[in-house]
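A.B. asks: Chains as they are written, first to last, in my numbering: chain A, 1 to 164; chain B, 1 to 390.
Derived by calculation from the structure, the hints in this document are not laboratory data.
Bear in mind that the values here come from a model prediction, so they are computed numbers and not experimental data.
Worth double-checking, as some hints may not be accurate.
Pairwise CB distance ranges (calculated) [to be verified]:
(1) A:R53 - B:G343: 35 to 41 Å
(2) B:D286 - A:T137: 44 to 50 Å
(3) B:G146 - A:Q46: 46 to 52 Å
(4) A:R53 - B:Y68: 34 to 40 Å
(5) A:Y159 - B:G343: 16 to 22 Å
(6) A:R132 - B:S277: 49 to 55 Å
(7) B:C287 - A:R53: 36 to 42 Å
(8) A:R132 - B:V245: 34 to 40 Å
(9) A:N83 - B:M149: 34 to 40 Å
(10) B:V32 - A:T137: 27 to 33 Å
(11) B:G180 - A:P158: 55 to 61 Å
Taking beta-carbon pairs under 7 Å as the criterion, some of the chain B residues facing chain A (in silico) [what the hints assert, rightly or not]:
(12) G321
(13) R348
(14) V357
Taking lysine-lysine and the DSBU-like style, the derived pairs with C-alpha atoms no more than 30 Å apart in a straight line are [as the list claims (entries may be wrong)]:
(15) B:K364 - A:K147
(16) A:K160 - B:K49
(17) A:K84 - B:K364
(18) B:K4 - B:K143
(19) A:K26 - B:K84
(20) A:K160 - B:K310
(21) B:K310 - A:K147
(22) A:K68 - B:K143
(23) B:K35 - A:K49
(24) B:K84 - A:K15
(25) A:K49 - B:K367
(26) A:K49 - B:K84
(27) A:K84 - B:K258
(28) B:K84 - A:K38
(29) A:K26 - B:K49
(30) B:K345 - A:K68
(31) B:K4 - B:K367
(32) B:K310 - B:K143
(33) B:K84 - A:K84
A virtual CB, placed ideally from N, CA and C, is assigned to each residue, including glycine.
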Amino acid sequence: MSAIAENNRAVIRLKEKFPSAVLDVKEFRDEVTVTVSKENVVEICQFLKTELRYNLLTDVTAVDYMGKDPRFMVVYNLYSIPNKDRLRVKAAVGEDGPRIDSVVGVWNSANWLERETFDLFGITFVGHPDLRRILMTDDWEGHPLRKDYPLQGPGREPYKGRLS
Amino acid sequence: MANKEIMTVNMGPQHPSTHGVLRLVIELDGEVIEKITPHIGYLHRGVEKLSEHRTYHQAMTLTDRLDYLAPMSNNLGYVLAVEKLLGLEVPERAQTIRVIMAELTRLKSHLVWLACHALDIGAMTVFLYCFREREQIMSMYEKLSGARMTSSYFRVGGLSQDVYDGFEADVRRIIDEFPGYFDVYEGLLTKNTIWLQRTIGNGVISAEDAIDYGITGPALRGSGVDWDLRRDNPYSGYDKYSFKVPVGEKCDTFDRYKVRLVEMREAINILRQALDSLKPGPILADCPKVCYPPKERVYNTIEGLIHHFKIASEGFPAPEGEVYQSVEAPKGELGYYLVSDGGTKPYRMRIRPPSFVNLGAIEKMGKGSMIADLVAIIGTLDIVLGEIDR
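For reference, chain A alone in the conformation it holds in the complex (with noise of 0.2 Å):
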């Protein structure tokens, strides 16, 4: 970890409030991303907005590394308007039956955001008030931006052209 991350107040914070569930923090070209075990992933997100002021919620979305374990990671990218600074917070999610607690009760634009995810990536949002698909169609199957759902879609001949 480097002088950046180390000092970072609200690493430093974080460590102190929750010290079993920070579960990572890591520094690259002077942006701190802090891992946390996704059981506390509300408590830390409201900790993170009432004390730290950390009030906008820019970013909700998850990373798919296949074969890895756990499968899925969930990011969520902060902003503090008083601050002026960014704080990324990343929880993994495995891949039998993919869910985590819901943050909207935190902030409001995490509504659409996490309802994006749901769509693209089948991340189940625990608690979340209205839970549905938004940019693919009700009756779609599969979740697009997962690893392994083709790029030319379900039922296709795969593309057989240069693709770079």
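Model the placement of chain B on the given structure of chain A, informed by the hints.
C.D. replies: Showing chain B alone in chain A's frame:
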């Protein structure tokens, strides 16, 4: 005693005031909106999925098609994210030209916003004037990149080519002429009784709620939050320019209108400073592993041809890691979250579209208002469906 009966009305996806293919299912009590359920995704093309199968240079062309009213802002966010991932420094001339194009794009996007917003509320003259002025910027786009909308003019490391002869004069003409046009628009709208009645007190959202719903850009500043990424987290040399960040007070459609008009005047201000500081110099970083060689070398030397071929066919590997880079696009915070596994293609490219998150607040803003005011609320959010659906 009148019985309360809820009527459900469908608006869109083909409706002139929904700015594309937005569908709203509205539950009405008389003329008052009880609930709005937006349905989106009609324009979903899977940009994020496609980009996982393109090299970094190729994936840029997908970003033109997000917010198609502001293609160069999308390009800018993308190239900055890739450059951050690579740790690449861009020459000053390229940075300044990027700022000039980003601000022209802001003008172009705001002109369409004003045109359509006014047309939706019934002011047709403004629409015609705005599109006339927008054409000047569109023809600059065409001269610069060969395309009016799908520009892809920026490159990872700099620009695809230097500006054409007469570029400075074209920008100078816009700087000189546009403030007069803005006066005309304000003359048509700012004291227009119909305009005032339709916009004052419409679509009110408090600063706390706006932040809670993740609203960014001019819509957030209209609610009185003094925050602009260009000033607070500067990129591409924005820290060299001084400009005002306008904020509203009453959190309504009229204040958002005033904020955007001041933003257009400030864009002219930034353009003037950027043009004055524009000096000759390289337009591409000195990094042959990443950047395309100059065309003269490609056409005239075998080494240049091999170099071009290698970058075009294989791309360049990016170091393993993840970055998030955002820009103040005309609609709000446009962010790119790139995850690299060390390969030549993004392992994951997440686009954080401002319109998508801003539209999420429509239910809050529209609830309790009259159905006729909903058109003004859609207009004031300034959404583009190409970016929402991706």
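A.B. asks: For K84 of chain B and K15 of chain A, compute the direct alpha-carbon distance and say whether it is at most 30 Å.
C.D. replies: Cα-Cα ~28 Å, so holds.
A.B. asks: Please work out if K35 of chain B and K49 of chain A have their alpha carbons no farther apart than 30 Å.
C.D. replies: This hinted pair holds, its Cα atoms lying about 28 Å apart.
A.B. asks: Using the C-beta atoms of N83 of chain A and M149 of chain B, is the stated range 34 to 40 Å upheld?
C.D. replies: Hint holds: Cβ distance 38 Å, inside 34 to 40 Å.
A.B. asks: For the pair we were handed, K49 of chain A and K84 of chain B, check the Cα-Cα distance against 30 Å.
C.D. replies: Distance ~27 Å between K49 of chain A and K84 of chain B Cα, so the pair holds.
A.B. asks: Is the hinted pair K345 of chain B and K68 of chain A satisfied, with a Cα-Cα distance of at most 30 Å?
C.D. replies: holds (19 Å)
A.B. asks: Quickly compare the C-alpha distance for K84 of chain A and K258 of chain B to 30 Å and report which way the hint goes.
C.D. replies: holds (25 Å)
A.B. asks: Is the Cα-Cα distance between K160 of chain A and K310 of chain B 30 Å or less?
C.D. replies: holds (22 Å)
A.B. asks: Given the range 34 to 40 Å, decide if the beta-carbon distance of R53 of chain A to Y68 of chain B lies inside it.
C.D. replies: holds (36 Å)
A.B. asks: Holds or violated: K84 of chain B with K84 of chain A, Cα cutoff 30 Å?
C.D. replies: Distance of about 19 Å is within 30 Å: holds.
A.B. asks: Next pair to validate is K84 of chain A with K364 of chain B; report whether the Cα-Cα distance is within 30 Å.
C.D. replies: Cα-Cα ~26 Å, so holds.
A.B. asks: Can the restraint linking K310 of chain B and K143 of chain B be considered satisfied, given a maximum Cα separation of 30 Å?
C.D. replies: holds (29 Å)
A.B. asks: Given the proposed pairing of K26 of chain A with K84 of chain B, does the C-alpha separation stay at or below 30 Å?
C.D. replies: OK: K26 of chain A and K84 of chain B at ~16 Å, within 30 Å.
Consistency note: the structure conflicts with the earlier hints numbered 15, 18, 22.
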